[in-house]
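**Q** Heads up: the protein sequence lines correspond to chains A and B, in order. Going by my numbering, the letters in the first sequence line up with residues -11 to 351, in that order. Going by my numbering, the letters in the second sequence line up with residues 109 to 218, in that order.
Please note: incorrect hints may appear among the correct ones.
What the hints assert, rightly or not - As a list, the in silico DSSO-like pairs of lysine-lysine whose alpha-carbon atoms are at most 30 Å apart:
| # | chain 1 | residue 1 | chain 2 | residue 2 |
| --- | --- | --- | --- | --- |
| 1 | A | Lys95 | A | Lys42 |
| 2 | A | Lys280 | B | Lys191 |
| 3 | A | Lys298 | B | Lys209 |
| 4 | A | Lys254 | B | Lys209 |
| 5 | A | Lys299 | B | Lys116 |
| 6 | A | Lys148 | A | Lys119 |
| 7 | B | Lys154 | A | Lys280 |
| 8 | A | Lys254 | B | Lys116 |
| 9 | A | Lys280 | B | Lys209 |
| 10 | A | Lys299 | B | Lys209 |
| 11 | B | Lys191 | A | Lys299 |
Since the hints were derived computationally from the structure, they do not count as laboratory data.
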Amino acid sequence: MARSQQGNPRDRWRQTLLAQERGRRRNERKGRIYSSGKWRPEHRPIVNPRFRVKGKGHGTLRIELPEKLDFLDFSDRDAALILVAKIKKAALYERHKRIVLDFSAVKYVSADVALILLAEIQRCRTYCKGKTYLTGTYPKEHAVSSLLNEIGFFNALGVKGPKLPATYSSRTYLKIERENKTLASVADNLLDCFCEEVNFDPDDRKRLHVALIECMDNVFQHAYSGDSPDPHLYKEWWMAGYADHKEGLVSFVFYDQGAGIPKTIKSRKSRRVTDFLNSWSDSRWIERAIRKPISRHDSRRRGHGLEKLKKFLERTDMSGTLRVMANRGEVVLAAGGSPIFNDFSTPLEGSLIVWTLKPLQSA
Amino acid sequence: MASEFVYKVASEFSRYPGGRLRSHGEFSGQAFREDVVLSLLHAHDKIIFDLSGSAGYSSGFLDEAFGELGAIFGVSEVRRRIKLIATDDAEAIEIAWERIKDASHEANKG
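In isolation and in its complexed conformation, chain B is listed as follows (with noise of 0.2 Å):
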């Protein structure tokens, strides 16, 4: 049985997400892809991604977060396990998806 967790981005990792890389600054897109998302996707079948409640979120920090696990995983595969939801945030969730797409895209061409 599939198992479906919830993860809000805003209150459990933070408010301020930042830039792309951990060496740019705090809360960045690695350090999220890295420590949270990898880890979840290890422990759960299919998870949601609650963007909703944060100050915003940067390219390069939905790039690094979500674009890269259409490299690893391939973007069919993404879609079938990860949601991501955000009430304020719409257009987060649309570069979110652009980015694994472009990721995917990528990895398969090289």
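Next comes chain A alone, as it looks inside the complex (with noise of 0.2 Å):
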């Protein structure tokens, strides 16, 4: 089938996306999953043994969301993470039948909270197995409807998108990748979605390829405890690259719900370390992951991945930030700045990792 040569970049872009999307589906059909540019094994989420969702389903919970699902502002992190802990707690904890989630009044997602939602979704359907049954209202707002079907969010709640006017033309593009194994490949692949928006230096490229592998083998050997009686997904990990076309913004994000960074480190550090840094707040144990390699081997051949999220912020030319949140406290870091903490009271579950950037018009 010759594809056309006619139409902009954008189009010509859109049309291989859809050929690749018939392409798997029609391959999902014979069993097979397509997906990082190749066939391979379907991804299995490994829940917990430890866990297990009791007692006998009752009721139906409607759970409105709020207006702006955001991390930027503290009101609304606080609200995002607040709708996140209730989906949770309703489905694995209270055990309702029927959990409805209400869009109607959102009007804004960003696509960090989106991803975290959807994270959420899945690990509940993953425990529930169908006995709590997730559903919920499509949006009003058609931009909040672009962003969560191209993340998928209404195919995990087992819906079908929302249809938009055909003149609607959504502002974002949103790729999301999900495992639980370091596959440096879909890092790649990730990249590849994206090198119209961002014309990366090869160095950068590979620096940012670097940085996310990383962050697979962090999730690896750090996130997951095998002795929690949470209701982890172990390994689990979700990664995702979207871009404003409108902004002229491009991010990258990496999310995992393991125990979060700093209660990782402070896990693994004596008890007269940490009842010496009592005093320390999340935030800082952040930055000093960050800043410096921490390993509970005492060995300086360990703890060097958390370097690498900087460095590749530090070492490009493009105006960007690294944003990294997790439990209660945040960082974030530009190029030549200085790092500015921020520390919260609703915690976040796991670790969530941004690069934003905003590259150079080209000339």
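Take the two lone chains and join them into the complex the hints point to.
**A** What follows is the structure, given as structure tokens:
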């Protein structure tokens, strides 16, 4: 089938993606999964055998989502995290038979909140296995519908995405990956999808690629504890890239539902050290982990992974920020600037890492 | 007579080197060391590893793939037998040698 050579690069790119999607669905019907440029075994989440959803399901719970779901504003951040905790509690602990997520009031969802919501829905569905029916209402805002559709949110709920007007043109593009292994090809494929938005310098692209693999490897080694009784999906991580054409931004997000960087580090330090550093907030622990290697092995060979997160930002010519949020802390780094520390009352389960880039306009 | 062998990691192992251990996923540093490096060291006196052309090397991969050799053979023996080159990733070479030295140092201490 000849591909049209007409139209702008973005249209050709979308046509390529649509063709890939058709190929993926065709092969999925045949029992194969097409992802990251090749056929690979279907991803199978690993549940914690220590956790079981107990009790008989009862009743319907309607959860009304707030107008704005974002992490940049403190109150919006709290609202988003309280919402995620509510969904988890309702599905995994209170055992409602039916949970309805009411999106009717939602006017804005940022991509990183959408990713965390999606991760939570996927976790709840994996554990509940049809005993709790998770569903929702469609958002009224097209931008919200479009973003949730692209992230696979409606697919995760097992419903068809809403139909958008033919004239609607999304301002964002989003691609998401989810795995429980260190797969470098997945990171490379994600960066490939945004090569038109970001004209990466080869060294920059390599550093960002390495930073993403470090995140995967860190999750595997540190994020999830085998002794935990919590409803984790072991070693699971989610990774997304999104481009906001209107704002001229590209972001890459990495998320896991593990213990969180501060908790993980504190658990590896001696009692004497943690008592001495009792006054340190979670944001300080995060900044310390990024700035210098920390390793439980007291070995210089280990603990270099988080350093790589900021290395990319320090060496690129693009303007951008690195935001690392975990437990009750957040650190925001910009190249050449001092870190900004934020600490919150509502904790984030796991760790969220966001690189936001404003690619320079090419000549 | 010392034989020198050139091994191109990107084309002969993987363009997408992975994480540290086999259990982490495919094309790990541990797999590279155990399945490739040690066999080559057994067969050849000197080996040139060309790290060019890959998507990038994580610190865990480099530590397991090359750093561990410092613990097994010692840094001077590794220097004598192994050369690392890369036209597009000088950082990876620098990190690999740092890990080799660190591993050798820790092995001598321990």
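**Q** Next, verify each hint and record whether it holds.
**A** Here is how each hint holds up against the structure:
no.	hint	verdict
1	Lys95(A) / Lys42(A)	violated, 35 Å
2	Lys280(A) / Lys191(B)	holds, 29 Å
3	Lys298(A) / Lys209(B)	holds, 24 Å
4	Lys254(A) / Lys209(B)	holds, 28 Å
5	Lys299(A) / Lys116(B)	holds, 26 Å
6	Lys148(A) / Lys119(A)	holds, 20 Å
7	Lys154(B) / Lys280(A)	violated, 35 Å
8	Lys254(A) / Lys116(B)	violated, 41 Å
9	Lys280(A) / Lys209(B)	holds, 19 Å
10	Lys299(A) / Lys209(B)	holds, 22 Å
11	Lys191(B) / Lys299(A)	holds, 26 Å
The structure shown violates the earlier hints numbered 1, 7 and 8.
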